[in-house]
Amino acid sequence: MSHALVYGGGGALGRAIVGHLRKSNWKVTSVDFTSNNDATNNVVLNMNASTASLETTGRDVEAQVAKVLGSESGKLGVVVNAAGGWAGGNLADDAFYSNVSLMISQSVNSSVISARLASKHLKECVRKTFRAFGTC
Numbered sequence: 001m002s003h004a005l006v007y008g009g010g011g012a013l014g015r016a017i018v019g020h021l022r023k024s025n026w027k028v029t030s031v032d033f034t035s036n037n038d039a040t041n042n043v044v045l046n047m048n049a050s051t052a053s054l055e056t057t058g059r060d061v062e063a064q065v066a067k068v069l070g071s072e073s074g075k076l077g078v079v080v081n082a083a084g085g086w087a088g089g090n091l092a093d094d095a096f097y098s099n100v101s102l103m104i105s106q107s108v109n110s111s112v113i114s115a116r117l118a119s120k121h122l123k124e125c126v127r128k129t130f131r132a133f134g135t136c
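For the sequence shown, our numbering assigns the number 1 to the initial residue and increments by one for each residue that follows.
FYI, nobody ran anything at the bench for these hints, they're computed from the structure. Treat the hints with caution; some may be incorrect.
To be verified - Result set (DSBU-like, lysine-lysine): computed pairs, CA atoms no more than 35 angstroms apart in a straight line:
#, residue 1, residue 2
1, Lys123, Lys67
2, Lys27, Lys67
3, Lys67, Lys120
My request is simple: use the sequences and hints to build the entire structure.
This is how it looks when you write it as structure tokens:
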């Protein structure tokens with residue numbers, strides 16, 4: 001059975017992706033602030049991760065994912081980043097700039113962490129495929 005990791009698996013888009021993959025008989029690990037009951041495994045982020053440094057959050061997520069994968073490390077068939085989206089609020093809101101700053105940080109950080117997880121946990125044939133446009 002193939003195994004996927006969906007960063008943002010607790011949001012609307014992430015839930016749809018997790019559900020589709022599960023219906024296609026994939027094992028799915030969801031990474032988000034909330035668990036996804038459809039996922040095989042969940043890595044639930046600390047709510048402080050939204051304001052923590054990239055390094056702190058990244059290392060925490062890496063450790064939790066490694067624990068979930070165990071001997072399956074290096075066996076993921078796909079890593080999807082479905083986290084992020086517009087969360088800046090109303091343009092007239094006094095907190096607009098801080099909201100947008102937090103949103104950008106969360107979107108960029110989830111992309112960086114997802115890419116790092118892919119580099120560490122994707123199957124070797126998948127990594128080679130991306131480098132050489134071959135098949136796995």
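Holds or violated: Lys123 and Lys67, Cα atoms, limit 35 angstroms.
Between Lys123 and Lys67 the Cα gap is close to 17 angstroms, so the pair holds against 35 angstroms.
Could you grab the alpha-carbon distance between Lys67 and Lys120 and see if it respects the 35 angstroms cut-off?
holds (13 angstroms)
Sort out whether Lys67 lies within 35 angstroms of Lys27, counting only the CA atoms.
Cα-Cα ~15 angstroms, so holds.
This entry satisfies every hint, going by the numbered hints stated previously.
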